Amino acid sequence: MKSFWRKSRIRFYLVPVLISISIITTSASPFLVQSAAQSRSQTDSSQSQANLKLLSFKATAASGGVLLEWQTSFELNNLGFNLYREQNGERTLVNRSLIAGSALSAGAGNPLTAGRGYTLADSRGSINSSYYLEAIDLSGVKTTHGPFFPVQASTLSKQQQSVILSQLSQPSPSNDFGRGEPSTAFDNSSGSNTPSGDLNTQWTVAAQSGLKIQVKKSGWYRITQPELLAAGLSASADAGTLHLFRDGVEQAIRVSRSSGQLGQNDYIEFYAQALSNPFTDTRIYWLTSDTTQGKRMQVFSAVRPDTTDTPKPSTRPTPVPVQGIPQRPANGFYVPFAGQLFPPILRLPQARRDSIETETTREPVRPSHQEENENNQPPAAEAHTDATNASTSTDAPPVAHPKKKRVKTRKASVKKGSAQRNHFDVNAASASNPSFPYIIEHRNRSTYFGAVLNGDTENFFGEPILSSLPAAGIITLDVNNPDTTAQWEGTLEIAIQGVSNFPHQIGVTLNDLSLPPFTFYFRANFVVKIPISMSQLRAGANTLKLTTDSQSGVCLVDYVRLTFAHAYRADNNSLAYSAKSGQTVRIDGFTSSQVRIVDVTDPNNVQATNSWSGKGRHTFLAFTGGQINHADGITLNQPSQLNSTALGADLLVIGYSDFLSAVQPLVDLRRSQGLKVYVANVEDVYDEFSFGNRGPDAIHDFLNWAHGHWSQPPHFLLLVGCASVDPRNYLGIAFVDFVPTKLVDATFSEAASDDALADFDNDGLPEMAVGRLPGRSAAEISKMVSKIVNYTPGNQSQTAVMVADTNATGYDFEGENAEVAQLMPPSMTVKNVNYGSNTTGCTETNCATRDQINNAVNQGPMLVNYSGHGTLNAWTGSGIFRNQDALVLSNGNHLPVFIMMTCLTGYFNDPSTESISASLMRADNGGAVAAWASSGLTIPTGQQLMNKSLYQQLFSSNPPTIGDAVRNAKTSTDDIDVRHTWVLFGDPTMRVR
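Heads up: the sequence shown begins at 187 in the working numbering, then just goes up one per residue.
The reader is advised that the hints may include incorrect statements.
Mimicking EDC-like on lysine to aspartate or glutamate, the simulated pairs with C-alpha atoms at most 20 Å apart in a straight line are [as the list claims (entries may be wrong)]:
{"id": "1", "residue 1": "1134", "residue 2": "998"}
{"id": "2", "residue 1": "328", "residue 2": "272"}
{"id": "3", "residue 1": "731", "residue 2": "744"}
{"id": "4", "residue 1": "1017", "residue 2": "1000"}
{"id": "5", "residue 1": "1134", "residue 2": "1160"}
{"id": "6", "residue 1": "1134", "residue 2": "1161"}
{"id": "7", "residue 1": "731", "residue 2": "698"}
{"id": "8", "residue 1": "1017", "residue 2": "1005"}
{"id": "9", "residue 1": "481", "residue 2": "424"}
{"id": "10", "residue 1": "402", "residue 2": "627"}
{"id": "11", "residue 1": "969", "residue 2": "854"}
{"id": "12", "residue 1": "715", "residue 2": "675"}
{"id": "13", "residue 1": "715", "residue 2": "679"}
{"id": "14", "residue 1": "481", "residue 2": "384"}
{"id": "15", "residue 1": "862", "residue 2": "836"}
{"id": "16", "residue 1": "244", "residue 2": "272"}
No wet-lab data here; the hints were simulated from the structure.
All of these numbers come straight from a predicted model, not from anything done at the bench.
Generate coordinates for the entire structure from the input sequences, incorporating the hints supplied.
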């Protein structure tokens, strides 16, 4: 280890994990403290023992469950953990999915010698439970620690309460890896996952009163007048002047009346497209009202909701679901490969292609039991078709084939007493083409792999694949209405992310039938497409098994997509399909005679018709009234004009709406001191610069606009609220992404960078001085603001506490502190605390160095400087200073600035736990007034250059604000990782001296 550190001079490692989403760092020579009750599940686990050292494990029973906390002091190639609860002799998996370890946070082969802390709440645990911790390394070797027994606590610390309250409300895990995530129709209708449109129109929309309608799936939506009024729409709004916008583009909608005020039975209807990106699964539609005529769809018949949703009486038997075929939930209508009948990967025989061409001008062949009326051609604008007594058809203009005769079909009477199917004939594929390509997708997001550097692509993946976890590679694909007689091949598309630096050989079986295996290497994201015969599929559940042998490395499932021949039969009373001009298809399987069809080829101009003129392929939705969706949420827009060039500010504050009142005392103070302050709700930023859709790019674009167009460009930026590495809460821990940060690829892992939000020329340096208050509640923000407002530089002690890690890892941390101390004037008293001078070491309860640090901080110094190894929640693997120490500091209003030249102590965006920087900022009876720390892993050289520059500025004759000081200090190093990852927690306008 010593030679490794001398060569690489890398400092600390920590990255997010699964349930605990963050990782560990490097530190001094580790030692092992294990439970006396610890046991091994393997007779030969020496390799695994060498890869992980458990420092402590604590189980605390309280009202609502058990809080589990454990700390490692060293990790190498640790894939992750499983936690088991034992009760009445039965063991149950507690975690929802594998809790990621160092291999997923820092990468294979990178040691995390400072370890890291992990936290998990078990809502079903009690004082009578016992727990076992299972660690799995990259070779598949398992090591079990335990049993551990809970200790009853009458009260929990505030940190423990925060964790247990956020986690206990989450759903219980499934013991089968991946089986809890059902396959769904692949939504190819949503287009780009990065919203783009007309910003000028959006600014007009956002500046007026209106409703913001939230949708999470593609499909047909209805919103009733009572819902609209309850959300805030004016009761006097005219139906004719209602407008609906998506991404700055007006949408064609249906309104139940053409003009006048909406009555209690009125409503609007529209087609909505889903949005899915790393930051949100919700798209915003905007409903406004003005004096101009709104955009409308092709006219429907005037039909009230009750006549639309209620099927006509029928004497036919209620259809019985086929046993073993799960009913598809009403989760939208998905368009498979719009514009393509056959995806490029599918190899359709030439004879099949010819048959499609020659049959496009024929009438469909009717079933013998179906009564036919060739003259029954309803108008294109008809909203509903009653198929109880007759089939109806509206054909598109046929492709001209002069030499071909139309094939007529004879009438056939319905046998008395026979059951009758509801179906609908539309222009699509002919009866001789009874199926079309359809895609379903399995995409589980349960594992955070921070060590993979993939740009803006999200770092969440699904199930691990390794030989010791065979159940993890079992995936269920639910296939509804397959045409197993189709002659063309389907496609099984599998995307796998490599984790370990070994070749990966993946075996594939579908329904116990072997498919060709494949091999790829190292940490690639590998995609393979395997042709399959339709005869290999079955209706209902299809079991896919992905396996690997003991010689292969560890992988993660990214996604699985299955393209198959879907019969023209409705799935739970809905079907999405595409058709080209001149074709006709019969859609069967509806349980209601009230069938509606809309043309969604152009989602901005949806038409209530199943006919069109001209050539090309169109996309349709067929559905019954029972498949109409309801909005996931409707809120009243608060008008804003952040784009106005008349605006200006010295200090721009962007905060989460619930926290803005808590930051007001600081705003008032800075205004009284002569600064021009502008406060922006982060939701307004989304509204104007991302069409209402949340994400960090909206903040970046707004800041760039303000920097270039405001009459006074902001010099300082204060972000109010925490951020999260898991903005969509895939892990089910808690939503804490109140003001998003920018996640950037650093050398060793993905890291949070607030400065990147204000970096407009990509040099790693922000164009504004940036700070953040990392609170997760209004109360926490209020505490941080109170500290800053009451901070007076002249009242602080002229003392600096300089803490250094041991030099045993090959870097002279004590010497680094000594160089920095020389930059301070003689009037400053320097107190050195060197861990290398501690001859007795540190334990959970006994550490002389820890006592020295706590005592020195409680005396109220001006500065506390730490140089050494660290992790998210501790300095060094031995924990010479930890979160729990920060939270109980008693230095009152004598608040220092903490400057940490280490890794990951600024990793504030882990939803499962709290960084030591955030703990210092929110400590009740002391702590820090500001902290400057890293969210990532960097090399010490760049840190040292930057730190020296910071002290030179702070102790210059005309010291700048702390925001300008840290911004200028970053110019002293060209290490882009150092520039990106150091985050200022506090007010950038504050002065230290």
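The hints, checked one at a time:
1. Between the alpha carbons of residue 1134 and residue 998 the distance comes to roughly 15 Å, so the proposed pair stays at or under 20 Å and holds.
2. Under the criterion of a C-alpha separation no larger than 20 Å, the hint pairing residue 328 with residue 272 is consistent with the structure, at around 18 Å.
3. Straight-line distance between C-alpha atoms of residue 731 and residue 744 comes to about 14 Å, which keeps the hinted pair within the 20 Å bound.
4. For the hint pairing residue 1017 with residue 1000, the CA-to-CA distance comes to about 12 Å; that is within 20 Å, so the pair holds.
5. For the proposed pair residue 1134 and residue 1160, the alpha carbon gap of about 14 Å is at most 20 Å, so the pair holds.
6. Only pairs whose Cα atoms come within 20 Å are accepted, and residue 1134 paired with residue 1161 is accepted, the gap being roughly 15 Å.
7. Of the supplied pair hints, the one linking residue 731 and residue 698 holds, its CA atoms being roughly 8 Å apart against a limit of 20 Å.
8. At roughly 14 Å between alpha-carbon atoms, residue 1017 and residue 1005 fall within 20 Å of each other, so this suggested pair holds.
9. At roughly 13 Å between alpha-carbon atoms, residue 481 and residue 424 fall within 20 Å of each other, so this suggested pair holds.
10. As the CA atoms of residue 402 and residue 627 are separated by approximately 17 Å, the hinted pair is consistent with the 20 Å bound.
11. Distance restraint check for residue 969 and residue 854: the Cα-Cα separation of roughly 16 Å lies within the 20 Å cut-off, and the hinted pair is therefore satisfied.
12. About 12 Å separates the Cα atoms of residue 715 and residue 675, which keeps this hinted pair within 20 Å; it holds.
13. Note on residue 715 and residue 679: the hinted pairing holds, with a Cα-Cα distance of about 4 Å set against a maximum of 20 Å.
14. Among the hinted pairs, residue 481 with residue 384 is consistent with the structure: their alpha-carbon atoms are about 17 Å apart, no more than 20 Å.
15. Between residue 862 and residue 836, the direct Cα distance comes to roughly 5 Å. Compliance with the 20 Å bound is thereby established for this hinted pair.
16. Proposed proximity of residue 244 and residue 272 is supported: the alpha carbons are some 16 Å apart, at most 20 Å.
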